[in-house]
Every structure is written in structure tokens, then in C-alpha cells.
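Taken in order, these protein sequences are the chains called A and B.
With the numbering used here applied, the first sequence covers 1 to 259.
With the numbering used here applied, the second sequence covers 1001 to 1277.
By construction, these hints were calculated from the structure, which means they are not laboratory data.
Each hint should be verified, as a subset may be incorrect.
[Claimed, not checked] Label pairs and their computed distance ranges (CB to CB):
id : chain 1 : residue 1 : chain 2 : residue 2 : range
1  : A       : Ala88     : B       : Ser1238   : 45 to 55 Å
2  : A       : Pro156    : B       : Leu1147   : 26 to 36 Å
3  : A       : Arg117    : B       : Pro1199   : 44 to 54 Å
[As the list claims (entries may be wrong)] Just a few of them, taken from the derived set where beta-carbon distance is under 8 Å, the chain A residues facing chain B:
id : residue
4  : Lys74
5  : Phe94
6  : Leu109
[To be verified] Far from chain A by the CB rule (all over 12 Å, computed), these chain B residues:
id : residue
7  : Leu1110
8  : Ser1164
9  : Phe1268
Keep in mind that this is a model prediction, so the values were computed, not measured.
Ideal placement from N, C-alpha and C gives every residue a C-beta, glycine not left out.
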Amino acid sequence: MSKKQVSRRSFLTRGAALGGTLLLGGCDSLSRDPLVQRILASAETLTEAVQRAILTPNDLAREYAHEDISADFKANGSTNPRTPDYLALAENDFRDWRLEVGGLVQNELSLSLDELRAMPSRSQITRHDCVEGWSCIGQWKGVQLSHVLNKAALKPNAKYIVFYCYDDLGRGGSEDSRYYESIAFPDAFHEQTILAYEMNGERLGIPHGAPLRVRVERQLGYKMAKYIRRIEAVESFDDIRGGHGGFWEDRGYTWYAGI
Amino acid sequence: MAHEKVMAREVIYRHAGTVRLTHWINVLCLLVLLMSGLQIFNAHPALYFGSTSDFADPAVAMTYERDGPDGPIGVTDLFGTRFDTTGWLGGGYEADGEFQRYGFPWSITLPGFRSLAKGRSWHFFFAWAFVINGLIYLGYTLLSGHLRRDLAPDRGQLKGIWQSIKDHALFRFDHGEEAKRYNVLQKLSYLIVIFILLPLMLATGLTMSPGMDAAFPWLLDIFGGRQSARTIHFISASLIVLFVLVHVFMVLVTGVWNNLRSMITGRFVIKTEEAEG
């Protein structure tokens, strides 16, 4: 093989590699461009509008049989919060834990686990779909969120329900790096939206959000905040943390996680 | 005087404007959907059948082993049999010699670095574009007679299917009058893609939505559960990739410029051999 051929071949190879890099680099810089991101995110508005138009309050997520329950239900995100206030509560078996309900409500509430357990309960065997792609089936028991919200009596201007959590998933060591989520009324008042304190017939374990997590069965897993500390009714979440309505939403994930 | 064969050129108008436009929009959509789909897949590079993920027993899993002979290796587990797929699936070495875990290499995902959130926003934007574009195409196809006239094989073509398979295997392609219409294998593969694989992508995609599953629970029954739907989504995407490879190959071997021109301007040149005295 002549020298010329070799150099031509290596030129072509390098040229192709460079071209490929530029092309991919182009896609990657598009991916990082805020305008492109806004355009792409506009599809989310369409998805939300269409799903909201299709879904009625009576559309329930499928409920499964007892034998369908996953033997190994994956715990994702935070699985063991190490925040000092949480550790102190866990140490005492959550006897001192209180669920605070506030914001745009007529009656602020502070409820213990026993008080929540004394309320009417709902039990459901449902499928948990993680944004990563996997699914597990578990049985959940808790009080309907609507029951608690009705007790608190929302003010007319309330539009969203925000969940503040104990886990510091952002590892910033501050209030702002802790997990939070928000949902709108069609989901907050849905029959299957419960504040769960039991999983698979046992007290909710720490990996799955002890002492209390929310189940929002028609949306993806990251909407279902664990380690709940406080529930707030708000008119808008624009001024909360990153302004996108949730921990993952502030990091680029869609707020309406219906798909 | 001896008879001489003279090549004659006939220019026909092959593809209507709607077909050409929707074709190229579809090319863009499918490319972005495939690459962003691989990005999403990389968030959990394993497939299952049924409603749930049995993490201990996946149908397919791309993973890695820490202690290969020369460091970590990428591994693909196919129904319990493990293959070393370093550099292709499961994980591979970067230019700097660093081992990186993935399902599919980041060089073919969109974006080209790990970002499930960005992969999802690309995927769902282009999913809508794909659906709207597909509906325009379907509307045109059904109303204009494109389906009946150009895509549905007639009885004679179906009878000649074996001959067509033999001809394709020998790289003998239609010329003259026969080249004015799609051959039977071409028609059948287009019909399968248009009416089976592409709608299947949409339906299995929707079955992965917890919202849509609540509205249309029968989606779960049709596909045998959400994880089955996800696996079918993956298989169907792979079949579309296979179709595209064969499609592009056939474009290349049957006259690349003529084919490309016909899908851009509509005009397609037929060469006919005419005996002249």
C-alpha cells in the first residue's frame, strides 16, 4: 500500500470522525440551547392538554390482584434520608412526626400518624411506573388526599397542592435542596390519590418513604413524593424553589408526568 | 439493416407532493425518535414481559461486569445467556481508556450524554410531529386513492411473489413498464410499515403512559402489560430500523440519484429498450 493511499485513508477517516463530532456536537449544543428546549417543551403543554381532555375523574388506574404484587419493589431516588430532623423522627419511630397542612386553607392542620390512621382509608394494588422505564406492583393503604384537603378547607384561589419532604436529594444541606413536588386538582382530588402509610400490608418502610408518601396513580413515580413533611395549597408554584413545581422538574423533567 | 436496440428515456411523475413532504418529515422524526429513544432506554437498559419488571430475571439486559480479563466489560444478557458486547452494548472504553457504562453507546443517543430529561423532551416533541405527519399522510393515502392505486398489490403481483423474491435475491430489478409501479415485495413492506409497525409504535408508546392506561385500560390487555408494551415498542423500533436499512440499500442499488430525485421533485426516469428498424 502506498504512502499516499494511507494518508488519504487516514484523511478520510479523520474527516468522517470530525464530521460526526460536529454533527453530534451540533445536536448536543441544540439540546443545551434554551430556545430549543422551550420549543421541545411546548409538546408537553399539548400532551397535558390532551390527557386532561381525555381523562375524567372516573378513570382509575388499573388495580391488580394480590398475587400480582412485585416480590422486589425497587426503591428509587432517596432511600434513606440522613437529614438530622428526619433521623430524630425515625429514631422515635415517627411518634413525634406531624403532617402539617397549610397555605391557602381555612384551617391549618397538624396531624399525627395515629390521627391519619383513624381517618377513612383506601387500599389499592397498583402499578408504579418509573420515568426510567421499569414498573413494580404494590399494595398501598392510606387516607385519600381529598379527605385531608376537605378537612383543611381550601381557599377559592388555591390551584396546586405542594408536598415538602424530609429527604435532601439535592445534597445541598439546605432547605432548598430537599425533595418537593406539586400536583393539580384533577389529581389531588382523584379517588386513588392517597397519603399512604402502609405498603404491602406493613407500615411504610424507610426506603419507600416512611412515614408517609403520596400515591398519584395516573402519573409517573417522581410525582409521588416520599417522606412528606408538609402539604401546602398554593395559587402558583412560580416562586417556589426553581419555579418548575418539583425537584426533578427544576432539573429539566416535565411537570405533568402523564407519559 | 440489422435491428438495433435503442435506449429510450421516459420521465414519469412518481411521487405526489404530499407523499414527498411527509416522507422527509418522517425521516427526521424517525431519526430523532430512534436516537432519543435509545437515550430513554439507557435510563434502564433492560426489557421484560408482563406488567412489571422482574429485576432478577429480565428478558434482555445490558449491563457490565467489573472483573473482565482486562478490566470491566460490557455484557448483554439475552434470555439468561450472557455475551461480551464491550464497546457496543452495556459499556465500553472511551478514547481516554476510561470504562463507561451504558445500554447503547452515547455516540448514537440524543443528546450524546446521559440526560433522560432532555431525551424525553426530544422524544415527545417529535412523537407529536410524527403523529400529526402520519395522520396527514394517512388521510391523503386513503382519500387520494394512493393506497388502492400504488400500495395495494393486485392479484397478478401476489401470484408472482416467488418470482419477485428470486429476482430480488439475484439483484434483478424491474425495468421498463414494470418499473412504473412498486413491485410486490416493496408494496408489502410499505404496507407492513405504514399500517402495522408505525401504528404499533404509537400504541405501545401510549401504553407506557400511566395516564393513557387509566383512560384506555384495554391497551394493557392488548399488549399483555406495560412492560410487554415497552418490549414490543423496542422490537417494533428495531424492525423499523431493519426496514430503513433495506430501504436505503434498495435505493442505492436501483439508482440512487433517480430514486432521490423522485422523492424530491417527483420525477422518475424509466429506461425502456425499444427495438428500432
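Inset, instruction - Look at the Cβ atoms of Ala88/A and Ser1238/B and judge whether their distance stays inside 45 to 55 Å. - result: Given about 52 Å between the Cβ atoms, the range holds.
Inset, instruction - Using the Cβ atoms, figure out if Arg117/A sits within 44 to 54 Å of Pro1199/B. - result: Roughly 48 Å apart at Cβ, these two residues keep to the hinted range, so it holds.
Inset, instruction - Using Cβ atoms only, decide whether Lys74/A comes closer than 8 Å to chain B, and label the hint accordingly. - result: 7 Å, holds
Legend entry - 26 to 36 Å as the expected CB spacing between Leu1147/B and Pro156/A, which holds or is violated: Distance hint for Pro156/A, Leu1147/B is violated at roughly 54 Å.
Inset, instruction - Would you check whether Phe94/A satisfies its interface hint, that is, whether its CB is within less than 8 Å of any CB in chain B? - result: Violated. Min distance 29 Å.
Inset, instruction - Compute the least Cβ-Cβ separation between Phe1268/B and chain A, then decide whether it is above 12 Å. - result: 30 Å, holds
Inset, instruction - Identify whether the interface hint at Leu109/A stands, where standing means a beta carbon of chain B within less than 8 Å of its own. - result: 29 Å, violated
Inset, instruction - Verify that the Cβ of Ser1164/B lies farther than 12 Å from every Cβ atom of chain A, and report whether the claim holds or is violated. - result: 36 Å, holds
Inset, instruction - Take a quick look at Leu1110/B and tell me if its Cβ sits farther than 12 Å from every Cβ on chain A, holds or violated. - result: Not fine: 6 Å to the nearest Cβ puts Leu1110/B too close to chain A.
Checked against the numbered hints above, the structure breaks hints 2, 5, 6, 7 and satisfies the rest.
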